[in-house]
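Peer 1: Please build the complex by placing chains B, C and D with the ligands on the supplied structure of chain A, with the hints as guidance.
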Amino acid sequence: METSTIAPNTRQVRVPKNYETTAWKWMRYSALLLIPLAWIHVILQDVIVGVHRIDLNYVALRWANVGWRIYDIALVAFAFAHGMNGLRQILAEYFPSPKARQTLGWILLALWFVITAIGVVAVVGGVRMPKQ
Amino acid sequence: MQTHQYEVIIVGGGGAGLMAALNASRGAKTAVLSKLYPSRSHTGAAQGGIGAALGNLEEDHPEWHTYDTVKGSDYLGDQDAIEFMCNEAVEAVYDLEHFGLPFSRTPDGRIAQRPFGGHTNNVTGKPVRRSCYSADRTGHMILQTLYQQCIKNNITFYDEFQVFDVLVANGAVAGVVAVDLATGELHVFQAKAVVFATGGFGRVWEITSNAYAYTGDGVAICLRRGIPAEDMEMFQFHPTGILKLGILITEAVRGEGGVLINGEGERFMERYAPHVKDLASRDVISRAIYMEIRDGRGINGKNYLYLDARPETINKYAEADGRTRPDGTPYRVTGEEILSKIPDIADFCRTYLSVDPIKDPMPVQPTAHYAMGGIPTDVYGRVLVDDKNTILPGLYAAGECACVSVHGANRLGTNSLVDILTFGKHAGLNAAEYVKGTDFQNLPEDAAGFTMAQIDQMRNGDGTEKVAELAQEMKREMFNNVGIFRSEAGLKAAYKKIQELRERFTHIRVQDQGKIFNTELINAWELGNMLDLALVVTESALARTESRGAHAREDYPKRDDANWLKHTLAWLKDGQVTLGYKPVTITKYQPKERVY
Amino acid sequence: MQITVKIYRHIPGVDTQPRYDEYTLDVDPKERILDLLENIKGFKDGTLAFRRSCAHGVCGSDAMRINGRNRLACKVLVQDLDTDQIVIEPIIGLDVIKDLIVDMDPFFEQYRSVLPYLINDDPLPADGKERLQSQEQRARFDDTTKCILCAACTTACPPFWANRKYVGPAAIVNAHRFIFDSRDHGAEQRLSRLSEPDGVWRCRTVFNCTEACPREIKITQAIAEVKEVLASGKINYKGVQIGPERVGSG
Amino acid sequence: MSTLRTTMAGYARYRGREGQLSFLLHRVTGLGTLLFLAIHILDTATVYFLPNLYSDAINIYRSTLFGIAEMGLIFCVFYHGVNGLRIAYFDMIAPKNWEIPSERKTAIWTLVISLVIWFPAFILMARNLLINNFGLGG
Ligand SMILES: Cc1cc2nc3c(=O)[nH]c(=O)nc-3n(C[C@H](O)[C@H](O)[C@H](O)COP(=O)(O)OP(=O)(O)OC[C@H]3O[C@@H](n4cnc5c(N)ncnc54)[C@H](O)[C@@H]3O)c2cc1C
Ligand code: HEM
Ligand code: SF4
Ligand code: F3S
Ligand code: FES
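Residue numbers (this note's numbering), protein chains in the order written: chain A, 1 to 132; chain B, 1 to 596; chain C, 1 to 250; chain D, 1 to 138.
Excised from the complex, chain A in its bound form (with noise of 0.2 Å):
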């Protein structure tokens, strides 16, 4: 008479792409280089210069240096989609109607997508010296 077998010890499933799932790797893949973006970023801009010392001019000298230029983009892409999402994720949680939800989230996109501009055209336009 047959018998049946034990089943194998692992199975690949077909799981369902959406966007929530994205979200979630996208907060933690984000996490880890946000680590050293937002950390070097703050430690040398709040602590070690301070913003005492701040002004255009420092800014400028700074920007003369495309590294930081670039650094300075990849901070505003990250943190800022990183935190945005994350403000998403938190107003889904207290509005939970879906129309709620798509609107907040296309308001959400739409200043997301703005201050991520305005935050880059800066960088790349760099300092301009008011006429004095």
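Think of the hints as simulated: they come from the structure by calculation, not from any bench.
Where a beta carbon is used, it is the ideal one built from N, C-alpha and C, also for glycine.
Honestly, I wouldn't trust all of these hints.
What the hints assert, rightly or not - Covered stretches of chain C (in silico footprint by chain D; criterion: 3 or more residues with CB under 8 Å from a CB of chain D, positions within the stretch not fixed):
no.	stretch
1	22-34
2	162-168
3	199-207
What the hints assert, rightly or not - Straight-line C-alpha distance at most 25 Å; calculated DSS-like pairs for lysine-lysine:
no.	chain 1	residue 1	chain 2	residue 2
4	A	Lys99	C	Lys129
5	C	Lys129	B	Lys475
6	B	Lys244	C	Lys129
7	A	Lys25	D	Lys96
8	C	Lys30	B	Lys359
9	C	Lys129	B	Lys152
10	C	Lys129	A	Lys25
11	C	Lys238	B	Lys515
12	B	Lys466	C	Lys6
13	C	Lys30	A	Lys17
14	B	Lys582	B	Lys566
15	C	Lys234	D	Lys96
16	C	Lys44	B	Lys244
17	B	Lys515	C	Lys6
18	A	Lys17	C	Lys44
19	A	Lys25	C	Lys165
20	D	Lys96	C	Lys6
21	B	Lys475	C	Lys30
22	B	Lys466	C	Lys238
23	B	Lys152	C	Lys44
24	B	Lys302	C	Lys30
25	B	Lys244	B	Lys152
Peer 2: Frame of chain A; chains B, C and D with the ligands shown alone:
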């Protein structure tokens, strides 16, 4: 008042009720009414296992299971029914596995089995591994699995609906009356068939392993409608309840090698059951404990003993007994292994006793546990209303509230879970079959009248008595005088006391006059049920002048087959119990003396 | 010992405002909180409403907030609380019906939504016997089989308080129980439910659930394992055997 | 919005343990950082769009109130970072740590580590503030 119509109504969402629902719903429009959410039924508390002669670890046969059950029942069980159940057990367990029940496993991936009290190899007389288990949560897994299957099959549930009455018209079932606890509204359910699966009534006693919900509603409802109750004097006291609380410590602890130790440090079961010792059947051990305590050999002379499951103790006695593993090596355990087999018991001990079972012995005392008696039925769950086995068309009962009778005077551990599955299934199947050929009975005028009258009485008494006080007095009286040992004097005193309490009950008045979750009213009604059952138990016990199984009379210490090899039937009318008797079915096994 | 017990009392639709009733009791420190409630109901105030059945932590009826934390009234002794002031309130996030009784229907609805039953359409073994499963595979999902559906976890979960559509830890625990059962083939259906916006991703690993679970289920861990399957598409059925479970036990 | 009220009451009154504390801290620090970052991107962008305003903007940062807020911000970034790493590590690499002993222990350690790395920063920033805003220490 709302009215509903279903072909089959199942009262109770425990193991028996869900099994009936799964089977009935395949052929008939079915609904389950339960006073608890089904997943909270007391089946979930069952720990040790479910008996079936799978033979996964050693030779075993349903015939051996049958014989053990007959012997365990002290020959009061109906042998045709027992044989039927033990044969069905094997398939029932496989069905559960196919439903997804997560049984513990053997190294080759089969359902694991362990020894349990009273289950033996019929050739050698030694304990046999027959109890299929899932750690010490077998009942939980069964209840969950059946509930899951009900969800899968879209069974209709009315959760937290408490049934108060069964309606009978033209000699057949017409429906039930229930209260929706959340609103307090009465609902009338018209039905062609009604299956009672309401569980036991251990709450009648002070120390009990039973849930608050175990108030015997089903049996009491039937008694009020003129249906008798069978073998009510047969109530099992489990030997090992946690001191004072009564919470059960499963027999599986002894199955895994734990032993009972008295105040003198002696493993006293050697004297009472030389062959199987701590795995003798429950009535034998409970009585042994009682006698040890009576003779002053309790711990520090008090009214409890130790159940010792420390690895060193287990190993010591396993060596003395020459116990071996299936592969023939000597049986030795570690604390870790014990814990992995009884995780919940360990948790109870830590929570309630601050005791770690592998470091300290557990203080235990016998606890009221299981009703062998109940609503008389045949193997198809059909309710039998007299000594000639006349059926009441459309009325069914299964599980602990029913008496088939497969447990006779004493149930073997693991057999109740077999009972609820087997007879739950057949009651469901037969109810569905029965409704095909019948019409709905017209509901009587004023269908809810009897229920309303009961409720009004509790709302409008003169209020000179308190439910909680009456309950306390009943529980104490029953534990002291209708407990493990009984005597004529004690039973008579108890009878008087219960009658007095029943009179006082007419004076209660519930304080809560609201409708929403009026649990005070519900508790009061449940006390009424318990008082009815207490009376019937006491009267049935008083009449049976012999000792058999769980029913131990100090004044009649011997079994008396000549006069008492028969089932008790008790009717309750106007506060008086009338008794009748019917014969026990004996097929293969002639009664003989019961030694373990 | 003398203690005071403050209990939340409210019947929405009947009383205008919730109130706290205070009772002074003489108790044995070894008594359960449930015993206090029974005592109050039986002898002081019959109108108090709460659910209970088994009285030893296996049925899941009496989850409530005791001194600010979700627990089963029958599994906490007075001495465990280390104080003589006891405050008892209903669990949060399900509507109160009366006093300590809340509406459990939405909770069971969430539970049902994860298809909590074995799904396997393969033919049964030809010999009619059990489907085989190794001890390690059985151990893989042992923890999550212990759930008694008491709702202590779900109603301790901050994301659930805010968003009642969140499927909640209890339902995920029960999905885990089947996803990791080597005999089950329904993982994909369950995972598609759990990846919805109100599925498993709403869990922010707050851990209140695990702290509250009277069955000591490692809930957050189970949830993380479900997330892992969603992220990787791979299920590993091999669990760790706790203790040298030598089977049959002689 | 009764659920929002329930939720806030729950945060305040439910006696969650380390887990609830770190959740609330993580959320508050994340939101705090985000708010600051948004403002910071905008003010820095003035160097390109409205260079005349940059010095006004930076002056606000130099105020005492902002100086103190900035120390808070640094704590936010540190705590959120350490705790974020902890969560990411548990989630992606070792879910076995999601159990009571390691959760309680690591949650406390996270707070301690954040405070330890924040402390020197706090000293430096306090010194800067005292020197520049109150003319102390030379
Ligand atoms: C602690 C403990 C351990 C046990 N261990 C084992 C074991 O290891 N092996 C074994 O074989 N047996 C064991 N038993 C016995 C066994 O568990 C029970 O006898 C069996 O589960 C009873 O099942 P049931 O379906 O008849 O009742 P239950 O599962 O209790 O179901 C009763 C149902 O009826 C409902 N109900 C009751 N009254 C009403 C009413 N008026 N209206 C509507 N609904 C109502 C309840 O809500 C409930 O759903 C144990 C029992 C206990 C107490
Ligand atoms: C320093 C490195 C950082 C790390 C390691 C990190 C890590 C994380 C992680 C893992 C989460 C997900 C938490 C969860 O799902 O439960 C998260 C959430 C979040 N992060 Fe960060 N983060 C960092 C920096 C930032 C920055 C700079 C901001 C602000 C712009 C930010 C804002 C947020 C917000 C608002 C959330 C949502 C919080 C919540 O859901 O409660 N994070 N972070
Ligand atoms: S997981 Fe634990 S807390 Fe949650 S419902 Fe199940 S038993 Fe209760
Ligand atoms: S409390 Fe809630 S957020 Fe996750 S870890 Fe538990 S479900
Ligand atoms: S009464 Fe059953 S869990 Fe508390």
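Peer 1: The structure should be examined with respect to each hint, and the outcome stated for every one.
Peer 2: Comparing the hints with the structure gives:
Given a C-beta distance limit of less than 8 Å, the hint that chain D covers the stretch 22-34 of chain C is violated, as 0 residues qualify and 3 are needed. Counting residues of the stretch 162-168 of chain C whose beta carbon lies closer than 8 Å to any beta carbon of chain D gives 3, which meets the minimum of three for the stated coverage. As drawn, the stretch 199-207 of chain C meets chain D at 4 residues by the rule of a beta-carbon pair under 8 Å; at three or more, the given contact holds. The suggested pairing of Lys99 of chain A with Lys129 of chain C is violated, with an alpha-carbon distance near 51 Å, which exceeds 25 Å.
Under the criterion of a C-alpha separation no larger than 25 Å, the hint pairing Lys129 of chain C with Lys475 of chain B is inconsistent with the structure, at around 45 Å. Pair hint Lys244 of chain B plus Lys129 of chain C does not hold up; C-alpha atoms about 43 Å apart against a cutoff of 25 Å. For the hint linking Lys25 of chain A to Lys96 of chain D, the alpha-carbon distance of about 19 Å falls within 25 Å, and the restraint holds. Of the pairs offered as hints, the one joining Lys30 of chain C and Lys359 of chain B holds, with about 21 Å between alpha carbons and a cut-off of 25 Å not exceeded.
Distance hint between Lys129 of chain C and Lys152 of chain B is fulfilled; the C-alpha atoms sit about 22 Å from each other, no more than 25 Å. For a cut-off of 25 Å, the pair hint linking Lys129 of chain C to Lys25 of chain A is broken: about 43 Å separates their Cα positions. At roughly 52 Å between alpha-carbon atoms, Lys238 of chain C and Lys515 of chain B are farther apart than 25 Å, so this suggested pair is violated. For a cut-off of 25 Å, the pair hint linking Lys466 of chain B to Lys6 of chain C stands: about 23 Å separates their Cα positions.
Simply put, Lys30 of chain C and Lys17 of chain A have alpha-carbon atoms about 52 Å apart, too far for the 25 Å limit, and the pair is violated. Only pairs whose Cα atoms come within 25 Å are accepted, and Lys582 of chain B paired with Lys566 of chain B is accepted, the gap being roughly 6 Å. Proposed proximity of Lys234 of chain C and Lys96 of chain D is supported: the alpha carbons are some 17 Å apart, at most 25 Å. The suggested pairing of Lys44 of chain C with Lys244 of chain B holds, with an alpha-carbon distance near 24 Å, which does not exceed 25 Å.
With a C-alpha separation of about 24 Å, the suggested pair Lys515 of chain B and Lys6 of chain C falls inside the 25 Å cut-off, and the hint holds. A C-alpha spacing of about 58 Å is found between Lys17 of chain A and Lys44 of chain C, which places the hinted pair above 25 Å, so the restraint is violated. A distance of roughly 23 Å separates the Cα atoms of Lys25 of chain A and Lys165 of chain C; the hinted pair therefore holds under the 25 Å criterion. Pair hint Lys96 of chain D plus Lys6 of chain C does not hold up; C-alpha atoms about 39 Å apart against a cutoff of 25 Å.
Under the criterion of a C-alpha separation no larger than 25 Å, the hint pairing Lys475 of chain B with Lys30 of chain C is consistent with the structure, at around 21 Å. Note on Lys466 of chain B and Lys238 of chain C: the hinted pairing is violated, with a Cα-Cα distance of about 57 Å set against a maximum of 25 Å. Taken as a hint, the Lys152 of chain B and Lys44 of chain C pair is broken in the structure, with Cα atoms around 44 Å apart against an allowance of 25 Å. Distance restraint check for Lys302 of chain B and Lys30 of chain C: the Cα-Cα separation of roughly 19 Å lies within the 25 Å cut-off, and the hinted pair is therefore satisfied.
Note on Lys244 of chain B and Lys152 of chain B: the hinted pairing is violated, with a Cα-Cα distance of about 41 Å set against a maximum of 25 Å.
The structure fails hints 1, 4, 5, 6, 10, 11, 13, 18, 20, 22, 23, 25 (numbered hints given earlier, in ascending order).
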